[in-house]
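Line by line, the protein sequences are chains A and B.
My numbering puts the first residue of the first sequence at 1, with every later residue one more than the last.
My numbering puts the first residue of the second sequence at 605, with every later residue one more than the last.
Quick caveat, the hints were computed from the structure, so don't treat them as lab data.
Any given hint might turn out to be false.
What the hints assert, rightly or not - Residues from chain B that keep clear of chain A, each with C-beta distances beyond 10 Å, as calculated:
hint, residue
1, 681
2, 686
3, 721
4, 872
To be verified - Quick list of the computed label-pair ranges, beta carbon to beta carbon:
hint, chain 1, residue 1, chain 2, residue 2, range
5, A, 276, B, 809, 15 to 23 Å
6, A, 46, B, 788, 45 to 53 Å
7, A, 339, B, 809, 37 to 45 Å
8, A, 563, B, 712, 56 to 64 Å
9, B, 783, A, 568, 43 to 51 Å
10, A, 52, B, 712, 50 to 58 Å
11, A, 37, B, 791, 42 to 50 Å
Using N, Cα and C, we set each Cβ at its ideal position, and we do this for glycine too.
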Amino acid sequence: MNTFEANLATVAAHDGSLAAAIKQAQGGVLTIVPARSGVPTASAAGRSIHSAYDPRREAETWANAQAPACRAGEVLVVLGVGLLYHVEALRACVAHDTIVAIVPDLNELHDACTARRMDSWIAGVEWLWDQTAAMAEALAAKGRPLRFLTYAPAAVLHASVHAALERLIRHHIAARAGGQIHVAVVGPIYGGSLPIARYTVSALEQLGHRVSWIDHSPHLASYELMAGLNEPRHRAMLQSRLADLLGQLTIARIAEDPPDVILALAQAPMSLPLLEHLRRKQFLTAMWFVENYRHLTYWQQVAAGYDHWFVIQQQSCEDALRYAGARHVSYLPMAADPAVHRPVALTPDEQALLGADVSFVGAGYANRRDVLPHLITHEWSFKLWGNEWDGDSVLSAVLQRQGARIDTETCVKVFNATKVNINLHSWTGEGLDPDGDFVNPRTFELAACGAFQVVDRRTLLPEVFTKEQIVTCERPDDLAPRVGRWLRDDLGRQQAADAARQRVLAEHTYVHRMRQLLTQIGVSRPDRVGAILQGERQAAALIERSKPVPELIPILSEFPARARVELKDVAARIRTRGTSVTLSREDLLLLMLDEYRMEHRDLL
Amino acid sequence: MRVDDAMPRPLIIQLARVGDLVQSMPAMTALSAHGRATSMDLLCPAALASIGSCIPVVERVLPWEVERWRLWGDRWESAPKDTLRDIETYLQKAALKPYGVAYNLNQHNASMLAASLFGRRVVGPGDSGPLATALPPWADYLRGVVRDRARNRVHLADVFCGLCGVMPSGTAPRLSLPPMDVPDDLASVGEGEGLWIAVVVGAGDVVRRVPPAVWCEWIKAFLAASSSGHIVLVGSRGERELGRAIQDDLSPLCLGRVWDTTGRTTLIQTAAILSRCHWVLGSDTGPLHMGTAVGARAMGFYFARARVHETGPYGEGHWVWQAQLPAGQDVQGESRMESMGVEHINRWPIAESVRLILEGRCGDAPGWTLWESALDRWGACYLHNGVASMDAAREEVWRRLHRPRHEAHEYV
């Protein structure tokens, strides 16, 4: 029996269909040559997958580096196949009952089975090799925390499959998530991310999570007072000190009621030392950077401070953040809040005051000053809303309310009262932004209102809306013809607006985004956030896992079955028994654990 | 486990820092001297186990692994069964069996829980159960001193004696260091002529840290006055920068006489280095107290919240410079202590303290009072200009608080 047959016989004894599939595969993905140590090594498409000197030792080093993070009860999911030295080494160094190896291409596994004997350990690993969706479903069905371990040299061959697999698993987990997370949302003092922070709070609450809203907007008056100082040095110093103070205030709030996750919105006053302090105390931090990373560049100073970054731009932004030290970077586009951004019935007066054939709401950026004059002197009515339009003699004739800032409620009414809403993403140059990638909140908000819009071209728009839902404009001189064409098509406008609204409700609300965000963090941290999301910290689940220690069951039974129970809750319950009661050994140990955990997380 | 299965030796619980461990030695010695136990076991942080094992009356040291408890605390919710099983395995491996009596010297909750966990009977904080809010009289006194900054009468080491129900033995216990290697280039520390002065460059509590520039001036003054003197800089790994900062401003001529051990020695090696020095200088820090326990004479610079009567070096012949409020300032309690922070000190007694070491005598310096340590029947006392200032007060405290557990040996 040769190597291939011996391996196949072992596989067949446990999984006949996999053995048949390996036999049927052709192989030829890996180039196999002997390593200096004498065992086979491999490369694919010119890239080395294992060491040319000693693949076993290299694999052991990899496995030893992974092992400390793996917690009892987790399913270990290995991404990357090659000659499987790393899987063998992992199997040897962890006691976990389930290690799953993902096989995107059976030809690769065929090559591995041909190259070296694996029959001594191959049955100790579970192999998933079907379509990506089926693999995701099988993993989600495990019902246990999944810890993904990537052997990068081999995983790079199938990066797209792995990305799709993780995405599908996130969806599965998100759909089943029932546990309550405690999230502290840290907002900015002012600015565009402030309302988004509020929508985020609302979405998390709608999902059933507990939210501590750390709102810094009440301090705007002090900030503006400092902005009024004439000397720039004084202004900068005092504003910086205020930001530091608010950072300390944030810490104090967190210390008083420690959350599972701290979610900051762009411009939140969180400095790098403060973030490092939180990490030392084992708090999980995340930033949703709802800004254009090319314009607002302070992320460079805090990139390494957050555990998770969520950004509204893709590749170049993600690469830049990683280069600056960010660990986990994920794309998370903007959204709308249907409770705020919604169709509204307007009175005739409101329609007359706020309505128009064509409207634009927003600040007077250079590109808007350049493009919007194309809409004047046509047969339609055009209204311009918003601030920072000073000095524009052309547009001043259509500017409403003398360029006053427009509140959200009025915005929504304007959107509803307008036949064609213009949505030009802000840019400091002329014309349309040549690097325009992210989709602004306004796009989702207009859509959620059931309002028709024409938006400038954005490379990421097709991921969130189809051409049937949102109309785009490719060039400045294309804008007026588009507007004219759609003003004549009442039915078409209505159909597009309805479709866009349905798309938002189905996929693009802040509730969707928060579910995606927490699931992403949960997948990265299966032992903490992941476990809570899966309901594993609920009293009933804890009782189930405590059965071999019956002494714990009476105290856990004092909590409602679906209530989330933390160590601090159990300790508090023990303390309420009073000082005269003799405590059991388990009670004392639980109180001791709670003491050390509190001390560990003592922030101030 | 039945009561008669309990360990016959008592267990001493001291889970605080190295200074507190050293300050607990008089209580352990007194327990032994008063016949309460010829030997005892000690539960202390794992990092201090090497020092604990050098205490002559300690039979066995049980290292308390704080990090493990923190990790267990973090993971309990995800693995309640495994966590408790791991704890039991750890306790079994560490042979942490129940003791007939546990003397608890700390007031924090973890200590009181440990005392209840391992002691059939608890003496000290937690003697009425780990959740009881009432403290025994000595613990209550200590809390008043620490929390309320009440006026201090009795030294911390003697309060520990009181907590154990014994009077101080009237001696300053010493650590019994085993033979050990130190880094090769430090092997000659303490050899040859001249005084060897250990300077403790840092302090666990930053507000108690003598500024590097002050140490630099002190070293310059000492080396200028003592042509055969040597300086040994002592500190932890995190204090290496302080060691470097001190040396940066020294003349190259001084450097051959300055030995920098900061961050290069283990705790027990630090004790060995201190044992080779004639003097140890520092603020109110663990190594200063450790120096007294290995035979060095101590000279402390006490400011910020440090008070000589509370935590001065234990034993006879040590000196403490206590920072004083500027004349005319009359504030009480915490404010008073804060006002003695390093930023309020305009002048350090550099020339005076060098003279004291070299000539053996000196008076107060502007902004500082000088105290000499001594021992009497109530424990540690401090003399100012040869006069003990608090004898009556100390006796009153002892008479009010002390609950002797074995009357035959006690003063009442």
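Does the structure break any of the earlier hints, and which numbers would those be? 1, 2, 3, 7, 8
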